[in-house]
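These protein sequence lines map, in sequence, to chains A and B.
Anchor point for the first sequence: position 65 equals 65 in our numbering, and the numbering is continuous, going up by one each time.
Anchor point for the second sequence: position 53 equals 53 in our numbering, and the numbering is continuous, going up by one each time.
Hints in this document: simulated from the structure, not taken from any laboratory.
Some hints could be false.
[Stated by the list, open to error] Okay, derived cross-link-like pairs now, DSSO-like style, lysine-lysine, Cα gap no bigger than 30 Å in a straight line:
id: 1; chain 1: A; residue 1: K20; chain 2: B; residue 2: K71
id: 2; chain 1: B; residue 1: K42; chain 2: A; residue 2: K64
id: 3; chain 1: B; residue 1: K58; chain 2: B; residue 2: K71
What you are looking at is a predicted structure, and each value in this text was computed from that prediction instead of being measured.
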Amino acid sequence: GAVVSQHPSRVICKSGTSVKIECRSLDFQATTMFWYRQFPKQSLMLMATSNEGSKATYEQGVEKDKFLINHASLTLSTLTVTSAHPEDSSFYICSASSGGNSNQPQHFGDGTRLSIL
Amino acid sequence: GENVEQHPSTLSVQEGDSAVIKCTYSDSASNYFPWYKQELGKGPQLIIDIRSNVGEKKDQRIAVTLNKTAKHFSLHITETQPEDSAVYFCAASLSAYGNKLVFGAGTILRVKS
Numbered sequence: 001g002a003v004v005s006q007h008p009s010r011v012i013c014k015s016g017t018s019v020k021i022e023c024r025s026l027d028f029q030a031t032t033m034f035w036y037r038q039f040p041k042q043s044l045m046l047m048a049t050s051n052e053g054s055k056a057t058y059e060q061g062v063e064k065d066k067f068l069i070n071h072a073s074l075t076l077s078t079l080t081v082t083s084a085h086p087e088d089s090s091f092y093i094c095s096a097s098s099g100g101n102s103n104q105p106q107h108f109g110d111g112t113r114l115s116i117l
Numbered sequence: 001g002e003n004v005e006q007h008p009s010t011l012s013v014q015e016g017d018s019a020v021i022k023c024t025y026s027d028s029a030s031n032y033f034p035w036y037k038q039e040l041g042k043g044p045q046l047i048i049d050i051r052s053n054v055g056e057k058k059d060q061r062i063a064v065t066l067n068k069t070a071k072h073f074s075l076h077i078t079e080t081q082p083e084d085s086a087v088y089f090c091a092a093s094l095s096a097y098g099n100k101l102v103f104g105a106g107t108i109l110r111v112k113s
């Protein structure tokens, strides 16, 4: 099946640090990538939808200046958590999808566990 | 917007028994319904999906049924094995490609050996 790689898998850093998470589709071109946040024992909450070459669309309540998303190529999207604080600690998961000839439904990366001290 | 409800929240079965997880959705425009399995510390893995023009789909021990009139769909796992233990999420979307998924709350499945 389709492979989505997410890096790093775990980050522990001090409050005030900015953290960048990468999401790559390894074997297909992802026209759309999604970023989710998941708290312990809860479901996935969509943060934003990112289409290659255009600005991300953020869900209600998600601060776009806090969570910067870049989707510069068909295989890479990045999420930067700026000036992270303890309340930003969570499990962040990306997914990638593609329409057109590749027709790939959403496949997920293995997530990034972010811990802010 | 779309709302997806999932039941039960936890399910314990004996190895070899069947497990059924049910979901309902609210938006009649939704026509793509995937199921994901999430193991501890990992991202969700797509295990089966169904589109609205199909009532049932099967892949070995896993099957999904869809009732568009009633707006509900179900996951069926037969001959359960300990490695089936995980959290299962249903979701609904307008299409399989490029549209956001709305997830159910998840079901913790425990298969006892």
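Problem set entry | Given pair status - A:K64, B:K42, alpha carbons within 30 Å | Holds, at about 26 Å.
Problem set entry | Pair hint outcome, B:K58 versus B:K71 [Cα-Cα no greater than 30 Å] | holds (19 Å)
Problem set entry | Hint consistency between A:K20 and B:K71 [alpha-carbon to alpha-carbon, up to 30 Å] | violated (39 Å)
The structure fails hint 1 only (numbered hints given earlier).
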